[in-house]
Structure formats: C-alpha cells, structure tokens
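With mature numbering (1 follows the signal peptide of the UniProt record, and there is no 0) applied, the sequence shown corresponds to residues -20 to -1, 1 to 313, in that order.
These are calculated hints, taken from the structure and not from any lab test.
Any given hint might turn out to be false.
Stated by the list, open to error - Label pairs and their calculated CB-CB ranges:
no. : residue 1 : residue 2 : range
1   : Glu121    : Gly18     : 46 to 56 Å
2   : Tyr238    : Thr131    : 37 to 47 Å
3   : Arg227    : Glu153    : 10 to 20 Å
4   : Thr37     : Tyr238    : 35 to 45 Å
5   : Lys258    : Tyr238    : 42 to 52 Å
6   : Asp60     : Tyr238    : 48 to 58 Å
7   : Val309    : Arg231    : 18 to 28 Å
8   : Gly18     : Asp161    : 44 to 54 Å
Said to hold, decoys possible - Here are the simulated DSS-like pairs of lysine-lysine, each with C-alpha atoms no more than 27 Å apart in a straight line:
no. : residue 1 : residue 2
9   : Lys213    : Lys29
10  : Lys258    : Lys216
11  : Lys154    : Lys213
12  : Lys258    : Lys215
Beta carbons: idealized from backbone N, C-alpha and C, even for Gly.
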Amino acid sequence: MKKNALYALGLALTAGTTFAIARQTAPKANPDSQYRLGPDSLPQEGVPKGEIRGPFTLENCKSYPGTLHTYWVYVPAQYDPKVPTALMVFQDGQAFKNETGDIRAQNVLDNLIYRREIPTMLAVFINPGRTPEQPEANPREWGDRTTNRPTEYNSLDDRYARVITDELLPALEKDYNVSKDPEMRGIGGSSSGAIAAFTVAWERPNAFRKVLSNVGSFTNIRGGHKYPDIILKEKKKPIRVYLCDGRNDNRGFRGGKYDETWDWFLQNVRMQKALEKKGYDLNYTWGMNNHGQKFGGAVFPDMMRWLWRDGPVSTDPNDQVERDFRQPVVKKN
C-alpha cells in the first residue's frame, strides 16, 4: 500500500510539474486578438462616398534632394471649392488608405463627415520619400529598408516639416480650397509616421495644430526619446495631441538587455506625462496591442472625433440643414 501511495504521489507531482512547465511555455494569447474594426470604419449604406484621387508626385524635393513623394487626396462628397476646408495629412499614406488594412481612413472620414461628427475635410495620404530607383512603400514593406523613411520620419529637425508645409501644401492649394487656419489642419501617422507627424506640428504650429499618434516611435531611433525632456524645457505650443499605444508594443529588449530608450510603451507614457505637465490639450489611450495598427484602427474614429471636437456647429433648433446628415454638394453643370 505504501508503495502504491508513493507511486501515486510521484505521478501527481510529475503531472503538476508538467502542467506548470506547460503553463510557462504555452504561447500567450495574441495581444491584437481583441481589436476589430467597428461600423465607423466600414462602408455604410446611404453614406456618400468620397473620392480618392491620385497618385500624384512631389518631385525634386528640396529638403531631401533626389527623392520624390507619392500622395493621394481624399475629397469628400461634401467638398465645396467655394468654402475653405479642413485638412488632415497622414504619413505612410499607403497604409492609412488601404481598403483592406487596419485603418481604412477613407471609410471613417465618409461616415463621420456625413454624421457631422467631424468637419468636412480633405485628407492627404503621403508616402515616405524615395529615389526613382527605389520601390514604393507597400503593406509588407513600409519603406524602412527601401526608402528614405527612417531619415525623414525619425529625425528631430524641420526638414520633413518643410516637405509638408513648403512643398505639399502649395501643391494642394493649386487645386483645392484648403483652410489657412492652423486649427483646421491636422496631421497623423503610425510608428515612425507618428513621430514625424508630431515633429511637423512641433516645428510648424502655425501650419498644423492637431496630432494623431498611433504606436509613435518616440524612441532612440534617431533621438526621439528626448522629446519628453524637450517638451518640458520648451515653451508650450498651441497643439492638440492624441496618443495611442499598447503594453505589448516593442519593449526595449535588445540583444538580451533592456534599454528603456527603445521601449515604445514607456516612451509614449513619458510623452503623455510631459504633455500633461505642460498643460497641453491631450488625450491618450493604452491597449494590449503589439506594434502595429490593430488597436489604432479600432479607436481611430474616436481619435478623430476627439481631435476635431470643436468643429463649427449650429445650435439653432430651426436650422434644418444642421439637423440633417451632411449631404453631398450639388454640382451645377
């Protein structure tokens, strides 16, 4: 009996040990598995669809000689060329306008503009610069290994800001009635595109005052981890910022060692704290996501609503135009 009891105890201990090992080595649930696109990000019946025009090209770049930038322009059905119109510029344009991607910005713009939740706005989807011999950035390769993306997006200087303000804006203004009011201009991106967007607004607050940042690379790729200290040191600027990141973003383990300057989530939280301390108009949301756009896509409509929450609005109860969905502009022959 004692032998049987000891044998049974041994089996129990072995089973417990096996279970513990299995529990430690079993793969964790995919951190992105809970994030899905909602109705705001999908085409809806009866909602007028905007048009994506392009691709167009900015050639002979002055800030980065030898490079060109491909971009597309979203024109909402409600665009009236007689009216100065809000503008949103998205870095890594190919990813933000991807019809099967994680953001699908054009659908969000269609839906929110129609419901008067954001102003009527033009949007630009611009790709990182490349030489004529280099391939266009695409969903598999955003351009870090094949284009000028690392230099343009991650550098803490005003060269990329000049691409947007001195080259892109004048090109747009030839064909569209873009508002001159910096409060009516926003800029956004993901990862390195997000820090690029912040840098444009930081360097040119008289041109852009709204920043959308998803998994922003405020890390030591090219000194981006210095931004929180720079923000605390510099005079407050008139910009509004929405930060989005997740606990399973790249966490700074490099070669078996931890380096906090390469911890995406930590550095985004540092940005949040610095901006809050300086009294910036700030919102932020933290998820469980990996580095990517799954969580960002799920919350993108809310980010846009918050950034543009102070758009013009009529409170006149007899204003039937305001109380109706925003209709397309009737084009006269």
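How the hints compare with the structure:
One distance hint, 46 to 56 Å for the beta-carbon pair Glu121 and Gly18, is violated here, with the actual separation near 28 Å. In this structure the hint that Tyr238 and Thr131 lie 37 to 47 Å apart at CB is violated, the actual value being about 27 Å. At about 42 Å, the CB distance of Arg227 to Glu153 disagrees with the hint of 10 to 20 Å. Checked against the hint of 35 to 45 Å, the pair Thr37 and Tyr238 passes, with Cβ atoms roughly 43 Å apart.
For the pair Lys258 and Tyr238, the supplied restraint of 42 to 52 Å is violated, since their beta-carbon distance comes to about 28 Å. Separation of Asp60 from Tyr238 is about 54 Å and conforms to the stated range, judged on CB atoms against 48 to 58 Å. In this structure the supplied range 18 to 28 Å is violated for Val309 paired with Arg231, their Cβ-Cβ distance being about 48 Å. Range check, Gly18 to Asp161: about 31 Å between beta-carbon atoms, so the 44 to 54 Å window is missed.
The suggested pairing of Lys213 with Lys29 is violated, with an alpha-carbon distance near 45 Å, which exceeds 27 Å. Between the alpha carbons of Lys258 and Lys216 the distance comes to roughly 7 Å, so the proposed pair stays at or under 27 Å and holds. Restraint check for Lys154 and Lys213: not satisfied, since their Cα atoms lie roughly 38 Å apart, outside the 27 Å limit. Annotation: proposed proximity of Lys258 to Lys215 holds, straight-line Cα distance about 9 Å (limit 27 Å).
Hints 1, 2, 3, 5, 7, 8, 9 and 11 from the earlier list are contradicted by this structure; the remaining hints agree with it.
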